[in-house]
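Spelled out from the first residue to the last, the chains are:
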Amino acid sequence: MPDVQALVNDFLNKLKKRKIEGSQATAKQTAELLRSVISQQRVPYTNQAGALIDSVRAIGEQLIAANPIELAVGNIVRRVLHIIREEDLSLTTAAVTELNLSTISDDDDDDGGGNQDDHPVLSAAAVAAAARSSLRPPSLQMLLEGAPEFVAVPRSSSSGGDSEGKSKSMDRNSRTRKLKHDVIEAVNELIQDITTCHELIAEQAVEHIHQNEVILTLGSSKTVLEFLCAAKEKKRSFRVFVAEGAPRYQGHLLAKELAARGLQTTVITDSAVFAMISRVNMVIVGSHAVMANGGVIAPVGMNMVALAAQKHAVPFVVLAGIHKLCPLYPHNPEVLLNELRSPSELLDFGEFSDCLDFGSGDGSPLLHVVNPTFDYVPPKVVSLFITDTGGHNPSYMYRLIADYYSADDLVVQRRHSAVN
Amino acid sequence: MKEQTTRAMWWRSPSFILDNRQQAQPYDTARGGALSIPPPPSTAMADPNPNPNPLTDKISAYYQTRAAHHGVVSSDWLAQAQAAVGHIPDVDDDAANSDQGAPPGEPFSVIDEFNNWRKQPDLAEAVAAIRALAAVIRNSQATTMMELEIELKKASDSLKSWDTTSISLTAGCDLFMRYVTRTSALEYEDFNSAKTRLIERAEKFGEISYKARKIIAMLSQDFIFDGCTILVHGFSRVVLEVLKMAAQNKKLFRVFCTEGRPDRTGLRLSNELAKLDVPVKLLIDSAVAYSMDEVDMVFVGADGVVESGGIINMMGTYQIALVAHSMNKPVYVAAESYKFARLYPLDQKDMGPALRPIEFGVPIPLKVEVETSARDYTPPQYLTLLFTDLGVLTPSVVSDELIQLYL
Numbered sequence: 001m002p003d004v005q006a007l008v009n010d011f012l013n014k015l016k017k018r019k020i021e022g023s024q025a026t027a028k029q030t031a032e033l034l035r036s037v038i039s040q041q042r043v044p045y046t047n048q049a050g051a052l053i054d055s056v057r058a059i060g061e062q063l064i065a066a067n068p069i070e071l072a073v074g075n076i077v078r079r080v081l082h083i084i085r086e087e088d089l090s091l092t093t094a095a096v097t098e099l100n101l102s103t104i105s106d107d108d109d110d111d112g113g114g115n116q117d118d119h120p121v122l123s124a125a126a127v128a129a130a131a132r133s134s135l136r137p138p139s140l141q142m143l144l145e146g147a148p149e150f151v152a153v154p155r156s157s158s159s160g161g162d163s164e165g166k167s168k169s170m171d172r173n174s175r176t177r178k179l180k181h182d183v184i185e186a187v188n189e190l191i192q193d194i195t196t197c198h199e200l201i202a203e204q205a206v207e208h209i210h211q212n213e214v215i216l217t218l219g220s221s222k223t224v225l226e227f228l229c230a231a232k233e234k235k236r237s238f239r240v241f242v243a244e245g246a247p248r249y250q251g252h253l254l255a256k257e258l259a260a261r262g263l264q265t266t267v268i269t270d271s272a273v274f275a276m277i278s279r280v281n282m283v284i285v286g287s288h289a290v291m292a293n294g295g296v297i298a299p300v301g302m303n304m305v306a307l308a309a310q311k312h313a314v315p316f317v318v319l320a321g322i323h324k325l326c327p328l329y330p331h332n333p334e335v336l337l338n339e340l341r342s343p344s345e346l347l348d349f350g351e352f353s354d355c356l357d358f359g360s361g362d363g364s365p366l367l368h369v370v371n372p373t374f375d376y377v378p379p380k381v382v383s384l385f386i387t388d389t390g391g392h393n394p395s396y397m398y399r400l401i402a403d404y405y406s407a408d409d410l411v412v413q414r415r416h417s418a419v420n
Numbered sequence: 001m002k003e004q005t006t007r008a009m010w011w012r013s014p015s016f017i018l019d020n021r022q023q024a025q026p027y028d029t030a031r032g033g034a035l036s037i038p039p040p041p042s043t044a045m046a047d048p049n050p051n052p053n054p055l056t057d058k059i060s061a062y063y064q065t066r067a068a069h070h071g072v073v074s075s076d077w078l079a080q081a082q083a084a085v086g087h088i089p090d091v092d093d094d095a096a097n098s099d100q101g102a103p104p105g106e107p108f109s110v111i112d113e114f115n116n117w118r119k120q121p122d123l124a125e126a127v128a129a130i131r132a133l134a135a136v137i138r139n140s141q142a143t144t145m146m147e148l149e150i151e152l153k154k155a156s157d158s159l160k161s162w163d164t165t166s167i168s169l170t171a172g173c174d175l176f177m178r179y180v181t182r183t184s185a186l187e188y189e190d191f192n193s194a195k196t197r198l199i200e201r202a203e204k205f206g207e208i209s210y211k212a213r214k215i216i217a218m219l220s221q222d223f224i225f226d227g228c229t230i231l232v233h234g235f236s237r238v239v240l241e242v243l244k245m246a247a248q249n250k251k252l253f254r255v256f257c258t259e260g261r262p263d264r265t266g267l268r269l270s271n272e273l274a275k276l277d278v279p280v281k282l283l284i285d286s287a288v289a290y291s292m293d294e295v296d297m298v299f300v301g302a303d304g305v306v307e308s309g310g311i312i313n314m315m316g317t318y319q320i321a322l323v324a325h326s327m328n329k330p331v332y333v334a335a336e337s338y339k340f341a342r343l344y345p346l347d348q349k350d351m352g353p354a355l356r357p358i359e360f361g362v363p364i365p366l367k368v369e370v371e372t373s374a375r376d377y378t379p380p381q382y383l384t385l386l387f388t389d390l391g392v393l394t395p396s397v398v399s400d401e402l403i404q405l406y407l
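So the sequence lines, in the order shown, correspond to chains A and B.
If you're matching positions, the first sequence starts at 1 in the UniProt record's numbering and goes up one per residue.
If you're matching positions, the second sequence starts at 1 in the UniProt record's numbering and goes up one per residue.
Looking at chain B on its own, in the form it has when it is part of the complex:
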């Protein structure tokens, strides 16, 4: 992280040229790879292990998965997704079986477990992380709480370092570790019952996450009024849930979807909304300012909510928030509370870059640099309210909640 930060600082100065020369090698391979083999989502899904190692070519696993899950819809992609969803119980059972009877020769890997879980398109990343940690507990040979804690800590650290770009993963791990180490409910219990309780809680977490989405959808209903126009950026399950419930409640509204390059997640969302008979209009990402005067509110999801109350979300959120702010339109964020992360980015380059291959359709000359970051940071002053399962919050509440939890 530190290294990345210092490099980011270098980029500011003219010495970025020098810097780039040193960096040129990995850069070219990353981009070249993206150009020569643009990975269609379907292959990513079919691949048993779709996560390129983030440490070598710096491609963000998190955003790869997102693209695979929420990217543009093709018929074979849908078939794949269907198969994956239908397959869940089997995966579940397989995982459980292999966990219980872990063969001694084959060491249990928390990362594989995590990968198993995150393949399900409907499962949030934090849930996958917590499930993976639960599997660690299940497989643990530890006999005392302390041993178990150390083992968990190791597992969570390896998970976190495996994909540093995924905020939900980090937040999920932190939340669970916090629960394990500081919960008073565990204090008086004997080791085995504590262990079962932990596993049980972890398994319930999926349910909590699902419920959180419902609560958020309910909370936000008051804010969607008849005749309003909502601008949505990116594909967010929570936002979809919000709009779905509004449609079910017979509200009359229309939705503008941005295209959401490079994953074109907006196409997917507009497809889903069209199915619900919600009037929907697609905008290219650069048409946001043009159509903002028709918009009554902006709704976005979040990959992570940081301590300042700002959000980290798909590239383009920041500029939409800026445009909305300058035109006095409210920007609402729908995010589950387990996405609250202990980060405090001071500016855009403050976080380690999460890179994604970007396809331009035509070959880009090697001398041309491509900005491949997948996310940006939207500072809290451009956000109006956050809808979370903890209630409707102003951005400043986020730090309050985090301090209460981790202090």
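Chain A extracted, bound-state conformation:
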């Protein structure tokens, strides 16, 4: 346990000091940290999933608090929680089915099914149905079918432990290890997915980029780089305009990289976007996070590009790996928080120190510098999202999110004010 705590503290420090750049790196490291948390966690015989969920949640809470702007952390925590629930349910279902097949025991204590008064043979089907439905988001279908019993998933996951406790014939130790093993396996898969999401997105490049087109992008994104290069490798010839992305000028790096890979590249200033947009066939950009309503949190300046694209009816395409899908809505104040970076990126302190002097006048400087990191791009200006599962409309993002996260995990921090 102590070495996990050290790892967590180390990661927390890095997050707080903003040492980790980019949501992919953050997501990957978060997943790896949570994996080691899970593997170190001692699980009790009953309610193992509950114990895992609690420990992951506790650490997730700290991680999210350390850098609330980096939504990828929260996304991964929620994904891992979802994975634990999923694995637990599949195990429980398998176990109960087995139980019913081998010995027709009275499993009226198995409250996972919700209909205890049934014949035992039926309740296996019921449990299976319940397992399927409790992970799905609430739907109209379940309104009358007695969904309320399954709202508290930690309880229903404890039912897995209960039924297990009753089944003396089962080899407990192997089961205990099995859940943990399965979860770790799934988390490994998740890490794998995060690592390879560039490639999956890039594979679709040829469908979107056509011969002799002009593509505009802003700032630097590894996903965009891979995407453009994938199209190039498929012998498409096209030009790329790179807006430099002040104040960090990451566009310069992207332009250099693109040119090195043999793409025709033009660097423009951010303020020239509107002037150039009429020549552009498609805008392809990366993102920081994608919200549940299809809105995008992206590097500063993106909203301007999106509006320019809309004005000229140029498709505005956003590339996003799965770790960027965030189940929150941007109206949440905690999400609306923007990160303000150091003014030194804008102004040279030596030159402007006179204006920034706190000693002059009434004690506050006349010159202020505000350097926000992110823009919120509303969903109506986004034409298409390309994720590793394909292209999606902004209004469809909720669907992907519903597949990846369970409704109970949406609020990680304020657990007690969560939906009952």
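Quick caveat, the hints were computed from the structure, so don't treat them as lab data.
Here a beta-carbon is modelled for each residue, glycine too, at the ideal position from N, C-alpha and C.
Be careful, since some hints might not be right.
[Stated by the list, open to error] Reference excerpt, derived from the structure (chain B facing chain A, CB under 7 angstroms, subset only):
no., residue
1, Phe223
2, Ser337
3, Val397
4, Glu401
[Said to hold, decoys possible] The calculated DSBU-like cross-link candidates involving lysine-lysine, where the alpha carbons are at most 35 angstroms apart (straight line), are:
no., chain 1, residue 1, chain 2, residue 2
5, A, Lys380, B, Lys244
6, B, Lys211, A, Lys380
7, A, Lys380, B, Lys214
8, A, Lys17, B, Lys250
9, B, Lys251, B, Lys195
10, A, Lys380, B, Lys275
11, B, Lys160, B, Lys195
12, B, Lys251, A, Lys16
13, A, Lys380, B, Lys281
14, A, Lys234, A, Lys222
Since chain A is already given, all that's left is putting chain B on it; use the hints.
Leaving out everything else, chain B in the frame of chain A:
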């Protein structure tokens, strides 16, 4: 429905004059009736059967009830409502007793049952419909599932045709029928236990509806921030619940209530909010655009949520949504998921009209036509988000949910 639609189409063309001449007779009676005897809410409440037959004079029973429940507050109205609420258990028992021992001479009527339930101001229309259908099951002499289904289908059809203007009624009936006909949980059971299960579920539905309101209120808390101004149109129990919870959570916000003619439901809502010490300001319906720049968000309820993701709500919602959209203000809809209806209106006149008498205070000359429709349709592009018990949804999710359920 078809007839109404074709008539609606006629109205577009100059031939509406001809059309009107043919329609003149029922029209005049409807309006004349409204003028000569403007029904004060209190009499409507006191009336044992307050629902004028919608088939003869085309007055929407649904909106009549709404007006009675949520219209302007007068002291005697409050007394009536209090009496009604206090009376619920008795009504309940009476209904139950009469159901169980249905005398053979007196045929059970699903419509009467429905009317009994809907008189309670706190009970949603869909809940009343489902309760009424449960009573059908209880009274049924059927011995097989198929018979029961046919009987239920008949009852639900008669309920639906009794008041075609009530979307919640239709949606509630559809939802319950869907549950009866397609639920896998019933497959292996014997008939009697299936029957009890159905009744039990139906009776729980009231609870579900109540819980739904709580969930919606909780979901929407994140969206109400300190110092915001909320514009509310019409009286909606869900919206009231949302604002109530926000007030309980010590949020600082103020509310603009539209007056909500002709029922003046806004007066009722502002009264309720004032009781909660929420700063509230009443606007006349035409002052919405004037005050929109002060507003941070618009909150409305819905009578029905249609497949396109748009909503059908009290008259005036559409124009408020249009104004809000043009001024870039979010429009939030709070609606329980059982209000999702399988309708796809293409424009305002696409639904059968739901008419309501409108009182102008002065006599209107007979030659002057009065627009008496009680509701309008707000297309999805003017709505920002829907708060439902299924979660916070974008309008496009609604059709998804409906397709999942009914396909």
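Exercise. CA of Lys17/A to CA of Lys250/B, is that 35 angstroms or under?
Worked result: holds, 34 angstroms
Exercise. For the pair supplied as a hint, Lys211/B and Lys380/A, is the alpha-carbon distance within the 35 angstroms limit?
Worked result: holds, 33 angstroms
Exercise. Taken at face value, is the distance from the CA of Lys222/A to the CA of Lys234/A at most 35 angstroms?
Worked result: Within the cut-off at roughly 18 angstroms; holds.
For this session: Hold the hint about Val397/B up to the distance rule: shortest CB distance to chain A must be less than 7 angstroms.
Result: holds, 6 angstroms
Problem set entry | Restraint check for Lys251/B with Lys195/B, where alpha carbons must lie at most 35 angstroms apart | violated, 46 angstroms
For this session: Verify the interface restraint on Ser337/B: the C-beta must sit less than 7 angstroms from at least one C-beta of chain A.
Result: holds, 5 angstroms
For this session: With a cut-off of 35 angstroms on the C-alpha distance, tell me whether Lys251/B and Lys16/A pass.
Result: This hinted pair holds, its Cα atoms lying about 30 angstroms apart.
For this session: Verify the interface restraint on Phe223/B: the C-beta must sit less than 7 angstroms from at least one C-beta of chain A.
Result: holds, 5 angstroms
Exercise. Within 35 angstroms, alpha carbon to alpha carbon, are Lys380/A and Lys244/B?
Worked result: Holds. Lys380/A to Lys244/B sits at ~32 angstroms (cutoff 35 angstroms).
Exercise. Taken at face value, is the distance from the CA of Lys281/B to the CA of Lys380/A at most 35 angstroms?
Worked result: holds, 32 angstroms
For this session: With a cut-off of 35 angstroms on the C-alpha distance, tell me whether Lys160/B and Lys195/B pass.
Result: Holds, because 22 angstroms separates the two Cα atoms, which is no more than 35 angstroms.
Exercise. Is the straight-line distance between the alpha-carbon of Lys380/A and that of Lys214/B 35 angstroms or less?
Worked result: OK: Lys380/A and Lys214/B at ~30 angstroms, within 35 angstroms.
Hints 9, 10 from the earlier list are contradicted by this structure; the remaining hints agree with it.
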